[in-house]
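**Student:** Here the sequence shown is numbered in my numbering, starting from 6 and rising by one per residue.
Since the hints were made in silico from the structure, they are not lab data. Please read these numbers as outputs of a predicted model, since none were measured by experiment. Do not take every clue at face value.
Pairs of lysine to aspartate or glutamate residues, derived as EDC-like cross-links and limited to a Cα-Cα distance of at most 20 Å, are as follows [stated by the list, open to error]: (1) K28 / E48; (2) K50 / E101; (3) K125 / E104; (4) K78 / D108; (5) K125 / D79; (6) K28 / E102; (7) K78 / E119; (8) K117 / E104; (9) K78 / D42; (10) K28 / E99; (11) K125 / D42; (12) K125 / D83; (13) K28 / D38; (14) K28 / E104; (15) K117 / E48; (16) K94 / E137; (17) K94 / D83; (18) K94 / E119; (19) K50 / D83; (20) K125 / D29; (21) K125 / E99; (22) K94 / D108; (23) K125 / E137; (24) K94 / D38; (25) K50 / D65; (26) K50 / D79; (27) K117 / E137; (28) K50 / E137; (29) K50 / E102; (30) K78 / E48.
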Amino acid sequence: MPGTLWCGAGNAASDYSQLGTEKDTDMCCRDHDHCSDTMAALEYKHGMRNYRPHTVSHCDCDNQFRCYLMNVKDRTADLVGMTYFTVLKISCFELEEGEGCVDWNFWQQCTKSEIMPVAKLVSAAPYQAQAETQSGEGRKRSQKKRK
């Protein structure tokens, strides 16, 4: 994402304190990248395998990310939020008591399961843009100038 080092696949920052020119948005992405409970692509965790080609975060992290972006209230934050939540529709996971596999055979078939906190995917709700838009009055004036 232009103006950021932490938004998008991976990050371009050399250390935690380095931020792009869009500092507020970049801080949102940096915090989200450091979520304490994630599942990388193809990782098995919390009784579930993540078959997606990207990392999936706990819903607490995604909810915090959404709130953080909405509080920035600028176009870059809105673009990140719209891309992540509305266009890509990145799911998150919540933990519920359930049966999860703890042992597999050679063919990756479950041979032993236990009751444990199991991850359940939750679909992302669309992102609501927060940046200030030009007022209706301002649009009328600019349209008159064009005529």
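**Student:** None of the hints should be skipped; say for each whether it holds.
**Tutor:** Here is what the structure says about each hint:
In summary, the hint linking K28 to E48 is not supported, as the alpha carbons are separated by about 31 Å, beyond the 20 Å threshold. The straight-line distance between the Cα atoms of K50 and E101 is roughly 13 Å, inside the 20 Å bound, and the hint therefore holds. In summary, the hint linking K125 to E104 is supported, as the alpha carbons are separated by about 12 Å, within the 20 Å threshold. Annotation: proposed proximity of K78 to D108 is violated, straight-line Cα distance about 47 Å (limit 20 Å).
Restraint check for K125 and D79: not satisfied, since their Cα atoms lie roughly 32 Å apart, outside the 20 Å limit. Restraint check for K28 and E102: the C-alpha separation of about 39 Å exceeds 20 Å, so the hint is violated. For the suggested pair K78 and E119, the alpha carbons sit about 45 Å apart, so the restraint of at most 20 Å is broken. At roughly 10 Å between alpha-carbon atoms, K117 and E104 fall within 20 Å of each other, so this suggested pair holds.
A C-alpha spacing of about 27 Å is found between K78 and D42, which places the hinted pair above 20 Å, so the restraint is violated. Simply put, K28 and E99 have alpha-carbon atoms about 29 Å apart, too far for the 20 Å limit, and the pair is violated. Proposed proximity of K125 and D42 is supported: the alpha carbons are some 13 Å apart, at most 20 Å. Between K125 and D83 the alpha-carbon distance is near 27 Å, which puts this suggested pair outside the 20 Å criterion.
Using a Cα cut-off of 20 Å, the hinted pair K28 and D38 holds, with the two alpha carbons roughly 15 Å apart. For a cut-off of 20 Å, the pair hint linking K28 to E104 is broken: about 43 Å separates their Cα positions. Under the criterion of a C-alpha separation no larger than 20 Å, the hint pairing K117 with E48 is consistent with the structure, at around 18 Å. For the proposed pair K94 and E137, the alpha carbon gap of about 24 Å is over 20 Å, so the pair is violated.
Taking the CA atoms of K94 and D83, the gap is about 15 Å. The hint holds against a cut of 20 Å. Restraint check for K94 and E119: the C-alpha separation of about 31 Å exceeds 20 Å, so the hint is violated. For the hint pairing K50 with D83, the CA-to-CA distance comes to about 31 Å; that exceeds 20 Å, so the pair is violated. The hinted pair formed by K125 and D29 fails the criterion: a straight-line CA distance of about 31 Å is larger than 20 Å.
Between K125 and E99, the direct Cα distance comes to roughly 5 Å. Compliance with the 20 Å bound is thereby established for this hinted pair. For a cut-off of 20 Å, the pair hint linking K94 to D108 is broken: about 32 Å separates their Cα positions. Pair hint K125 plus E137 does not hold up; C-alpha atoms about 36 Å apart against a cutoff of 20 Å. Straight-line distance between C-alpha atoms of K94 and D38 comes to about 17 Å, which keeps the hinted pair within the 20 Å bound.
At most 20 Å may separate the alpha-carbon atoms for a hinted pair to count; K50 and D65 meet this at roughly 17 Å. Taking the CA atoms of K50 and D79, the gap is about 36 Å. The hint is violated against a cut of 20 Å. Simply put, K117 and E137 have alpha-carbon atoms about 54 Å apart, too far for the 20 Å limit, and the pair is violated. Of the supplied pair hints, the one linking K50 and E137 is violated, its CA atoms being roughly 41 Å apart against a limit of 20 Å.
Among the hinted pairs, K50 with E102 is consistent with the structure: their alpha-carbon atoms are about 14 Å apart, no more than 20 Å. A C-alpha spacing of about 34 Å is found between K78 and E48, which places the hinted pair above 20 Å, so the restraint is violated.
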